[in-house]
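Asks: Here is what each chain is made of, one letter per residue.
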Amino acid sequence: MTEPIKITPPLTDATVEKLRAGDKVLITGVLYTARDAAHKRLIELLDRGGKLPFEIKGQIIYYVGPTPERPGQVIGSAGPTTSGRMDAYTPRLIELGLKGMVGKGARSKEVLEAVRKHKSVYMAAVGGAAALIARSIRKAEIIAYEDLGPEAIRRLEVVDFPAIVVNDVHGGDLFAEGVARYRRQP
Amino acid sequence: MRKVSVKDITKAVRGLCISAACDLEPDVVSAIRAAKAKEESPLGAEVLGQIVENFEIAAHEGLPMCQDTGISVFFLEVGRQVELDGSLRDAVNEGVRQGYKDGYMRKSVCHPLKRTNTGDNTPAIIHTEIVEGDGIRIKIAPKGAGSENMSRLKMLKPAEGVEGIKDFVVETVTVAGGNPCPPIVVGVGVGGSFEKSAILAKKALLRPLGTPNEDRDLSALEAELLDRINRLGIGPMGFGGTTTALAVHIEAYPCHIASLPVAVNIQCHADRHKEVTI
Numbered sequence: 001m002t003e004p005i006k007i008t009p010p011l012t013d014a015t016v017e018k019l020r021a022g023d024k025v026l027i028t029g030v031l032y033t034a035r036d037a038a039h040k041r042l043i044e045l046l047d048r049g050g051k052l053p054f055e056i057k058g059q060i061i062y063y064v065g066p067t068p069e070r071p072g073q074v075i076g077s078a079g080p081t082t083s084g085r086m087d088a089y090t091p092r093l094i095e096l097g098l099k100g101m102v103g104k105g106a107r108s109k110e111v112l113e114a115v116r117k118h119k120s121v122y123m124a125a126v127g128g129a130a131a132l133i134a135r136s137i138r139k140a141e142i143i144a145y146e147d148l149g150p151e152a153i154r155r156l157e158v159v160d161f162p163a164i165v166v167n168d169v170h171g172g173d174l175f176a177e178g179v180a181r182y183r184r185q186p
Numbered sequence: 001m002r003k004v005s006v007k008d009i010t011k012a013v014r015g016l017c018i019s020a021a022c023d024l025e026p027d028v029v030s031a032i033r034a035a036k037a038k039e040e041s042p043l044g045a046e047v048l049g050q051i052v053e054n055f056e057i058a059a060h061e062g063l064p065m066c067q068d069t070g071i072s073v074f075f076l077e078v079g080r081q082v083e084l085d086g087s088l089r090d091a092v093n094e095g096v097r098q099g100y101k102d103g104y105m106r107k108s109v110c111h112p113l114k115r116t117n118t119g120d121n122t123p124a125i126i127h128t129e130i131v132e133g134d135g136i137r138i139k140i141a142p143k144g145a146g147s148e149n150m151s152r153l154k155m156l157k158p159a160e161g162v163e164g165i166k167d168f169v170v171e172t173v174t175v176a177g178g179n180p181c182p183p184i185v186v187g188v189g190v191g192g193s194f195e196k197s198a199i200l201a202k203k204a205l206l207r208p209l210g211t212p213n214e215d216r217d218l219s220a221l222e223a224e225l226l227d228r229i230n231r232l233g234i235g236p237m238g239f240g241g242t243t244t245a246l247a248v249h250i251e252a253y254p255c256h257i258a259s260l261p262v263a264v265n266i267q268c269h270a271d272r273h274k275e276v277t278i
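Those sequence lines, one after another, are chains A and G.
Mapping of the first sequence onto my numbering: residues 1 to 186, in sequence order.
Mapping of the second sequence onto my numbering: residues 1 to 278, in sequence order.
Same shape as in the complex, but just chain A (with noise of 0.2 Å):
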């Protein structure tokens, strides 16, 4: 296997075009999460033409919703949850410079669009490996939302977070090429 490759946003148009479907990449530095209520949200604060309670340019949003911390803990188990969900949501941040998207799972033909049209990256955690992946959150602080509870948006600090590239800016798509190298005829 290769090396992976380190990243740290926020993210550049050089540095996500160096990015190919399959490259294993480990992230230091900031991550916000959200997931299906706090985007909806989001959307709607655009809609009234509110400013997003965080710099979206150049960052990467973690789909996750951890369970939560015990005392002494930075952050409980903290895996991906399925991206598609936020579909519907995903093109119009990617329009105002967010650069790189967490989860598990496929994504809409309008978000990859979006993708590579505005040079952004999709990758995928390991889902279900929440324990393990937690290890890698140093610092996690509720910046908006707290009243969703696991769906508030976070601001986490990572060091080494595993992920793994699915679709890239040129139209690189993991699912579909390791489907097509392992697909058996029946």
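Treat the hints with care, since some could be wrong.
[To be verified] With the C-beta cut set under 10 Å, the calculated list includes, among others, these residues of chain G facing chain A: (1) V6; (2) D8; (3) E53; (4) D68; (5) T69; (6) V82; (7) K107; (8) N117; (9) A145; (10) C181; (11) F194; (12) P212; (13) L232; (14) A270.
In case anyone wonders, no lab produced these hints; they're calculated from the structure.
Where a beta carbon is used, it is the ideal one built from N, C-alpha and C, also for glycine.
Let chain A serve as the given structure and place chain G on it in line with the hints.
Replies: Showing chain G alone in chain A's frame:
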């Protein structure tokens, strides 16, 4: 009659909720390890390695293996000679309330339209059967949404027959792709009525992993479907590979002469289930 206190049921349910979230059963652990040894894709094998490492950390440190600690689904078998001193439903829900709070687990249950969180992971989904004897068997299967959302049900025409069943199962797994966190377990309910087929599919998931159905026709169908599914190439997390499913379990029940219901309930690799008898 044997008197059973509902307080003992609450206590048992609390414990089951926590242990199910943190401690994967040995049948699932060995199936994932065996899959890792056989996986042909290097990336797929690496993903299975992370999954193994994760459930080891979870069990060792008493942490939920997945942040989606699920909606709590119970199958209760209550002996007809049991006399309870209170509400069974209330006792189970109180156990869920305590377990999800004390175990630092995510509360993932909300109003279906308003989407407001109930705050304590209740109400649980409780299926109760009256059986012979004087004991209460409590089975819990907390269910995450990633895999549950990829489950499907179809009322086939009887003319579609066994081929129709096979195609619907394979199509369901294909459409699901990487979403339900493969390697998955595929529970299939065939026959009965609309709701019966769905409950059969869920019950099929509770069978010890890889134990074939005692009916030879059904066990042959399970083996054939597992082979077809693992030829799809979806692989661990959908990244491509030869391990898409760990097992296919089918349960069947007689149905109306004009019907052929088929339900497919998909379970992620964090195949959490526990049981206790009081």
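Asks: Can you verify the interface hint for G/K107: is its Cβ closer than 10 Å to any Cβ in chain A?
Replies: OK, holds: G/K107 within 10 Å of chain A, min 7 Å.
Asks: Hey, does the G/A145 contact hint survive, CB to chain A under 10 Å?
Replies: Holds, because the Cβ-Cβ distance from G/A145 to chain A comes to roughly 8 Å (cut-off 10 Å).
Asks: Can we keep the G/L232 interface hint, with Cβ of chain A closer than 10 Å?
Replies: 6 Å, holds
Asks: Against chain A, with CB atoms and a cut of 10 Å, does the hint on G/C181 hold up?
Replies: 4 Å, holds
Asks: At a threshold of 10 Å, is the proposed contact between G/E53 and chain A supported by beta-carbon distances?
Replies: 6 Å, holds
Asks: Hint G/D8 vs chain A: min CB-CB distance below 10 Å?
Replies: 27 Å, violated
Asks: Please check whether G/V6 passes as an interface residue: C-beta within 10 Å of a C-beta belonging to chain A.
Replies: Given a least distance of 27 Å, the restraint on G/V6 is violated.
Asks: Does the nearest C-beta of chain A fall within a distance shorter than 10 Å of the C-beta of G/T69?
Replies: Since chain A brings a Cβ to about 6 Å from G/T69, closer than 10 Å, the hint holds.
Asks: Is the interface hint satisfied for G/F194? The criterion is a beta-carbon contact with chain A at less than 10 Å.
Replies: 26 Å, violated
Asks: Taking the least C-beta to C-beta distance, is G/V82 closer than 10 Å to chain A?
Replies: Violated - the Cβ of G/V82 stays beyond 10 Å from chain A, reaching only about 34 Å at its closest.
Asks: With a cut-off of 10 Å, does the beta carbon of G/A270 approach a beta carbon of chain A closely enough for the hint to hold?
Replies: Holds: closest Cβ of chain A sits about 5 Å from G/A270, inside 10 Å.
Asks: Does G/N117 pass the interface check with chain A, least Cβ-Cβ distance below 10 Å?
Replies: G/N117 check passes; min Cβ-Cβ to chain A is 6 Å, inside 10 Å.
The structure fails hints 1, 2, 6, 11 and 12 (numbered hints given earlier, in ascending order).
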